[in-house]
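A.B. asks: If you want the building blocks of each chain, they are given just below.
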Amino acid sequence: MISIGFDDRGKIGLQYVLESLHACSPFGIERVQKLRFYSPAERAALETELGNVERAKNAAGACAAQYEAIMAALCQLKDVRGSLKRLSAEETLDHVELFEIKGFLLRIADLIPLFAEMNETVRAEGIAFHDPEPALDVLDPERTRSRGFYIPDGATEALKRIRAEKKRLEQRLYEAETEPEKNEIRLLRTRVCADEEAEERTVRKAMCEKLRPFVSAMLSDADAAGRLDFLIQKALFAVRYGAVRPGITETALELIDMTNPELVDLLKGKGRAFVPVSIAADRGATVITGANMGGKSVAMKTVALNVLLMHAGFLVCAKQARIPMFSCVKMLFDDAQSMQSGLSGFGSEIVRFNEALEEAEKGYSLFLLDEFARGTNPDEGAVIVQAVTRYLNGVNAISILATHYDGVAAYAKTHYQIVGLRDVDPESIRAELASGTADGPAVIARHMDYGLYRVDGKADCPKDALHICRMLSMKPEILERIETAY
Amino acid sequence: MRGSLLRNWTEARTLSIVGMCKNAGKTTVLNRLLAENPPGRVLGLTSIGRDGESVDVVTGTEKPGIFVREGTLIATAKDMLALSDVTMEIVDATGIPTPLGEVVLVRARSAGSVQLAGPSIASQLRTVSGRFFSLGAEQTIIDGALGRKSLGARAVADGVILCTGASYDRRMEKVVRDTANVFRIMNLKKAETVPEGSDLPLSDALKANGEALVAGALTDSQVLPLLKSGALKNTRLVVKDPSKVLLSPDVLDKLAVRNVALETVEAAKTLFITVNPVSAYGWKFDPDAFLAAMAAAVDVPVINVKEGL
Numbered sequence: 001m002i003s004i005g006f007d008d009r010g011k012i013g014l015q016y017v018l019e020s021l022h023a024c025s026p027f028g029i030e031r032v033q034k035l036r037f038y039s040p041a042e043r044a045a046l047e048t049e050l051g052n053v054e055r056a057k058n059a060a061g062a063c064a065a066q067y068e069a070i071m072a073a074l075c076q077l078k079d080v081r082g083s084l085k086r087l088s089a090e091e092t093l094d095h096v097e098l099f100e101i102k103g104f105l106l107r108i109a110d111l112i113p114l115f116a117e118m119n120e121t122v123r124a125e126g127i128a129f130h131d132p133e134p135a136l137d138v139l140d141p142e143r144t145r146s147r148g149f150y151i152p153d154g155a156t157e158a159l160k161r162i163r164a165e166k167k168r169l170e171q172r173l174y175e176a177e178t179e180p181e182k183n184e185i186r187l188l189r190t191r192v193c194a195d196e197e198a199e200e201r202t203v204r205k206a207m208c209e210k211l212r213p214f215v216s217a218m219l220s221d222a223d224a225a226g227r228l229d230f231l232i233q234k235a236l237f238a239v240r241y242g243a244v245r246p247g248i249t250e251t252a253l254e255l256i257d258m259t260n261p262e263l264v265d266l267l268k269g270k271g272r273a274f275v276p277v278s279i280a281a282d283r284g285a286t287v288i289t290g291a292n293m294g295g296k297s298v299a300m301k302t303v304a305l306n307v308l309l310m311h312a313g314f315l316v317c318a319k320q321a322r323i324p325m326f327s328c329v330k331m332l333f334d335d336a337q338s339m340q341s342g343l344s345g346f347g348s349e350i351v352r353f354n355e356a357l358e359e360a361e362k363g364y365s366l367f368l369l370d371e372f373a374r375g376t377n378p379d380e381g382a383v384i385v386q387a388v389t390r391y392l393n394g395v396n397a398i399s400i401l402a403t404h405y406d407g408v409a410a411y412a413k414t415h416y417q418i419v420g421l422r423d424v425d426p427e428s429i430r431a432e433l434a435s436g437t438a439d440g441p442a443v444i445a446r447h448m449d450y451g452l453y454r455v456d457g458k459a460d461c462p463k464d465a466l467h468i469c470r471m472l473s474m475k476p477e478i479l480e481r482i483e484t485a486y
Numbered sequence: 001m002r003g004s005l006l007r008n009w010t011e012a013r014t015l016s017i018v019g020m021c022k023n024a025g026k027t028t029v030l031n032r033l034l035a036e037n038p039p040g041r042v043l044g045l046t047s048i049g050r051d052g053e054s055v056d057v058v059t060g061t062e063k064p065g066i067f068v069r070e071g072t073l074i075a076t077a078k079d080m081l082a083l084s085d086v087t088m089e090i091v092d093a094t095g096i097p098t099p100l101g102e103v104v105l106v107r108a109r110s111a112g113s114v115q116l117a118g119p120s121i122a123s124q125l126r127t128v129s130g131r132f133f134s135l136g137a138e139q140t141i142i143d144g145a146l147g148r149k150s151l152g153a154r155a156v157a158d159g160v161i162l163c164t165g166a167s168y169d170r171r172m173e174k175v176v177r178d179t180a181n182v183f184r185i186m187n188l189k190k191a192e193t194v195p196e197g198s199d200l201p202l203s204d205a206l207k208a209n210g211e212a213l214v215a216g217a218l219t220d221s222q223v224l225p226l227l228k229s230g231a232l233k234n235t236r237l238v239v240k241d242p243s244k245v246l247l248s249p250d251v252l253d254k255l256a257v258r259n260v261a262l263e264t265v266e267a268a269k270t271l272f273i274t275v276n277p278v279s280a281y282g283w284k285f286d287p288d289a290f291l292a293a294m295a296a297a298v299d300v301p302v303i304n305v306k307e308g309l
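Here the protein sequences line up with chains A and B, keeping their order. Read in order, the letters of the first sequence correspond to residues 1 to 486 in our numbering. Read in order, the letters of the second sequence correspond to residues 1 to 309 in our numbering.
I should point out that these hints are in silico values taken from the structure, not numbers from a laboratory. Beta carbons are placed, not taken as given, at the ideal position from N, Cα and C, and that holds for glycine. Check each hint, because a few of them may be wrong.
[Claimed, not checked] If you want the ones that stay clear, here's a sample from chain B, every Cβ over 12 Å from chain A, calculated:
hint, residue
1, GLY40
2, ARG69
3, GLY112
4, GLU196
5, ASP220
6, GLN222
7, SER248
8, GLU263
[Claimed, not checked] With a Cα cut of at most 30 Å, we get these calculated DSS-like pairs of lysine-lysine:
hint, chain 1, residue 1, chain 2, residue 2
9, A, LYS182, B, LYS284
10, B, LYS207, B, LYS244
11, A, LYS463, A, LYS413
12, A, LYS182, B, LYS207
13, B, LYS22, B, LYS207
14, B, LYS284, B, LYS228
15, A, LYS78, A, LYS210
16, A, LYS182, B, LYS22
17, B, LYS189, B, LYS254
[As the list claims (entries may be wrong)] Label pairs and their computed distance ranges (CB to CB):
hint, chain 1, residue 1, chain 2, residue 2, range
18, B, ASP253, A, ARG147, 35 to 43 Å
19, A, ARG212, B, VAL265, 53 to 61 Å
20, B, PRO97, A, GLY5, 49 to 57 Å
21, B, ILE121, A, PRO441, 49 to 57 Å
22, A, GLY82, B, ASP250, 53 to 61 Å
23, A, GLU175, B, ARG177, 42 to 50 Å
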């Protein structure tokens, strides 16, 4: 089963996606808050959901007004599941609870035609509501269908008689002149009020008995409302970020021009654009190498985000995507928490690695390692990551490792490198920097291409560090020596 | 006398009944208004927090219940419904939580007694009275707060009835003086323009603009140094609502003498004052002397709850 901690959700940008949704009903909000991932055994259900979301996304323009109306109706729904539970447990509900259940049924009644209209276009599968009229007839036998809840005089003969007597006494009370006379009437009235309360309780008990057979239908409608709510939010999300329906594969993973909404929005706010990343991987180890400028981590986190989005029934943020179903997704990111755990950073990293690997070996998994063994000395670190890479080639998982250690890529099934400064002319940037007062590292970061390219065969040394030294006008004597040493 | 004095209570669209102390006669006044209300004129009724116990929790004296006509709208906490004997129609649930359950709106489908426990926050009270009006009420009555808290009534109501009585203090002069002080603060002039808020100290803001909006409360210790320095002379001080004025009567007098205009953003009109000469704690004032002393201290009608109503 896929389970992702709150920290990891935050790091990969999943929390950002969830917070960008505006589920309207308590049932939809619950689905967002208690996000569930489909397991490989639920592939058919996931296909259904992805189909629903894709059609709902495609219809978002044509059905905009209907979505708005449905969302407004969903906002009115209250969570009556507590009362329904009491109802199943043979308890008798009070006036306010019966009012809430009536309100729930009335709002489901409002929702049904809106959903039917939307569904002519969207054809969402697996979402259906029950006719609320039979249950409403129990709560509103006179079929007023008013918002309020009132036990009508005619509910029983006894109640009719009692209420008539109560009215008569009230009239007498207004007309009474002396205090003893008033007190006598008040006493009579108190008794009638007690009779009324008892009779109303009998009526409520009978209503609850008649309502009990509808409990499972009402619970199922609450669930359907939650699904509909979530569906619309997923569709609107897909529209906002241009998400597409992924194809579900057996083992291969391929994401073309994928993006990460949190970074897209963050960079947009700074007047820059996120560079879409493409990657393909299959069972075994894939290694991403490149200069230490953050591009590797972003690529890994974006893979994790999009894989998890699909498993939660979302369309994915890419131009095109093919994703297998994983029974487990594990990620080890450079983590500040390890510093506080008492173990050294490296020691705790190994402990977390062991735990994650054990999980990942239980079924087809996605295993992400960001700068593994960064906390130890470079010579040993390289040897450790090489060994891990070779081992992961034999594990039933897609393992992706980002590393800046030497000699790791040679052991991987697939090797990607950050484009970095490969296509930039260092001399032109050096000239630009030398002439002005611009902040050198910031200018270089702007020219950095965070895209990935696939390296087939032996990789050239990237030389990005040398480029950076040159752009920032390091002494020529030193540069010369670096170049001869490559 | 009673007809003429009570005639204007329907003028305020939202009316708050506030008390100087317990046993001032708030509930008596409320019941009187409910009885006076013409049949068919729908009232919305709520309270600030919990009130209307049949026995006063603090003094143990028996309190009159609140008796409503058929058709009255009531906003009260869910747990209070079991203590009411009107035939109920649940009209709406407000989502406003209280320790006694969510505040629900009920239409009385018969006459009967009700127990009020409404919202305790001004903005929630405004929401509730808004719902009353949309459900057809012509007037909202709020069983309001006691003592200093009652000064907040102006934030939600446009009319106020101030109830005072012998239970407040054994000395009649003190009851009259403190009630007159609350009345005076409650009826501060409504500011026609509100000075812009500024971060400057009060004395600098006054020097620069000749007026200032007081953020938060206005206290004696703030005002006294300003009075001494002369910074306040011929200026205008505006506070958000009367509950923000924590000035002693003496300092209020001094402000008046120096021509300082003290005004409030929120404003309501005190329609009349009621007095209860009988204390729950065992002493009594002479009704006529009390009525006369109170009437001399304020410029609105004063009514004895025991006789005038």
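A.B. asks: Give a verdict on every hint.
C.D. replies: So, going through the hints one by one against the coordinates:
no., hint, in the structure
1, GLY40, "holds, 15 Å"
2, ARG69, "violated, 9 Å"
3, GLY112, "violated, 7 Å"
4, GLU196, "holds, 32 Å"
5, ASP220, "holds, 48 Å"
6, GLN222, "holds, 44 Å"
7, SER248, "holds, 45 Å"
8, GLU263, "holds, 41 Å"
9, LYS182(A) / LYS284(B), "holds, 28 Å"
10, LYS207(B) / LYS244(B), "holds, 22 Å"
11, LYS463(A) / LYS413(A), "holds, 23 Å"
12, LYS182(A) / LYS207(B), "violated, 66 Å"
13, LYS22(B) / LYS207(B), "violated, 43 Å"
14, LYS284(B) / LYS228(B), "violated, 42 Å"
15, LYS78(A) / LYS210(A), "holds, 22 Å"
16, LYS182(A) / LYS22(B), "holds, 27 Å"
17, LYS189(B) / LYS254(B), "holds, 17 Å"
18, ASP253(B) / ARG147(A): 35 to 43 Å, "violated, 54 Å"
19, ARG212(A) / VAL265(B): 53 to 61 Å, "holds, 55 Å"
20, PRO97(B) / GLY5(A): 49 to 57 Å, "violated, 32 Å"
21, ILE121(B) / PRO441(A): 49 to 57 Å, "holds, 52 Å"
22, GLY82(A) / ASP250(B): 53 to 61 Å, "holds, 56 Å"
23, GLU175(A) / ARG177(B): 42 to 50 Å, "holds, 44 Å"
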